[in-house]
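Generate coordinates for the entire structure from the input sequences, incorporating the hints supplied.
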Amino acid sequence: MVRQCIDNYNFDFIRLQPSNKVKNFDCGDVDLNDFILNRATLFDKYMLAVSYACVDTNDTSRPLAYFSLANDKIATSDFANMTEFNRFRRKQGFPNEKRLKSYPAVKLCRLAVDICARNQKLGSLVLNYIKTMFVINNKTGCRFITVDAYLAAVPFYEKNGFRMMNQEDDDPHTRLMYFDLMDLVA
Amino acid sequence: MARPIRETPILFGEDARRFIARMQERHPETPEARAQRLRDYEFMQKVFERSMREKHAREAANGGKDPWFDNV
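Protein chains in written order, with the working numbering: chain A, 1 to 186; chain B, 1001 to 1072.
Bear in mind the hints are in silico, worked out from the structure with no lab data behind them.
Hints may contain errors.
[As the list claims (entries may be wrong)] What follows is a set of in silico ranges between Cβ atoms, one per label pair, in the way DEER data are often shown:
1) 116(A) <-> 1001(B): 22 to 30 Å
2) 101(A) <-> 1025(B): 39 to 47 Å
3) 1036(B) <-> 15(A): 17 to 25 Å
4) 1010(B) <-> 59(A): 38 to 46 Å
5) 1060(B) <-> 61(A): 19 to 27 Å
6) 1071(B) <-> 58(A): 19 to 27 Å
[As the list claims (entries may be wrong)] Pulled a few chain A residues facing chain B out of the computed Cβ check, cut under 7 Å:
7) 10
8) 24
9) 31
10) 34
11) 39
12) 41
13) 58
14) 130
15) 132
16) 169
All residues carry an ideal CB built from backbone N, CA and C; glycine is no exception.
Here it is, written out as C-alpha cells:
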C-alpha cells in the first residue's frame, strides 16, 4: 500500500516550517512520538534543527516518515602521546596549515518511520537522500553524518554503512554512530 | 518527555586513534549500491521540488497556513 503510493508518486516530501505541527504520528516509540508531536516545532523555531516529512497524499494528517537535521562536528583529542597524534594527522594528507582536529558533520537528530510504512525501505530511501544531498549539494563543507541511534535501530544504521563512534558505550538506550561521506566520493 | 539527543563527544585515546585511522581508509560502495543511492536521491529530489511548490501554493491559498498540519 505504502510502496504503491511511493511508486505512484502519491507521495510528498517536504521541509516543515516552524509553525507546522504534525497532527498524528506513531512510529511505535513513545519518546520519538512525543518529540515529533510536541517538541519538534521548538527546535525549528529556535533554528536548532530543520525537519522534513514524507507524506502520503491520500492521508495527509499522518506523515509516513519524519527526520530532522542539525549541524554537528566530530572532535578528536588526547592521543596517547603527541608523536602518535601528529603521525596520524600527517598521514591524512591535509596541508600543514589545514590539519584539523575537528571535522564538520551533520547530525541526523531524529529519523522515524510510521508503523503503517514499516518494511517498505522508506528509511533507507531517506538515508540515501541525505547522504547524497551532502555530497552533491555540500554547501558549507561536511564530512560526516552523525546519529544517536536507538538500540533497536543500530542494525539498520550498520546496514547503511554507519560505524560506532565509541568502542565502549554503555548507554542503556542509544549508540553514537557516524558515516564518512568520503566513502561516496568516487 | 522525549529523551534528549546525546551530543557527539570529543573522541579520546583509542577511540580517537581508531577514528583518524578509519578516515585514511576508503571503503567505497559497490556499483549497485551507488546506482541505488543515486536513483533514490533523484527520485526524492524530484518529489521534493514538486511537493514544495504545492506546499507554497497551499499556504498561499490558506492565509499562509498549511492545512496538512496544526499551525502553532
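Hold the hint about residue 130(A) up to the distance rule: shortest CB distance to chain B must be less than 7 Å.
-> The hint is violated - residue 130(A) has no Cβ within 7 Å of chain B, the shortest such distance being about 9 Å.
Is it true that the C-beta distance of residue 101(A) to residue 1025(B) lies inside 39 to 47 Å, as the hint says?
-> 19 Å, violated
Closer than 7 Å between Cβ atoms is the bar; does residue 132(A) clear it against chain B? Give me holds or violated.
-> Since chain B brings a Cβ to about 4 Å from residue 132(A), closer than 7 Å, the hint holds.
Holds or violated: is the Cβ of residue 169(A) closer than 7 Å to a Cβ in chain B?
-> 9 Å, violated
Taking 7 Å as the limit, does the beta-carbon of residue 41(A) come near enough to a beta-carbon in chain B?
-> Constraint on residue 41(A) satisfied, holds at 6 Å.
Hint validity - residue 31(A) Cβ closer than 7 Å to any chain B Cβ = Given a least distance of 5 Å, the restraint on residue 31(A) holds.
Proposed interface contact between residue 10(A) and chain B, which counts if any beta carbon pair is under 7 Å | At 10 Å from the nearest chain B Cβ, residue 10(A) fails the 7 Å test, so the hint is violated.
Do the beta carbons of residue 1060(B) and residue 61(A) sit within 19 to 27 Å of each other?
-> Holds - the Cβ-Cβ distance for residue 1060(B) and residue 61(A), about 21 Å, lies within 19 to 27 Å.
Residue hint residue 58(A), partner chain B, criterion CB-CB below 7 Å | The hint is violated - residue 58(A) has no Cβ within 7 Å of chain B, the shortest such distance being about 12 Å.
Does the interface hint hold: is residue 34(A) within less than 7 Å of chain B, judged Cβ to Cβ?
-> 4 Å, holds
Falls inside 17 to 25 Å, the C-beta gap from residue 1036(B) to residue 15(A)?
-> 24 Å, holds
Does the interface hint hold: is residue 39(A) within less than 7 Å of chain B, judged Cβ to Cβ?
-> 6 Å, holds
Hints 2, 7, 8, 13, 14 and 16, counting from the list given before, are not met by this structure.
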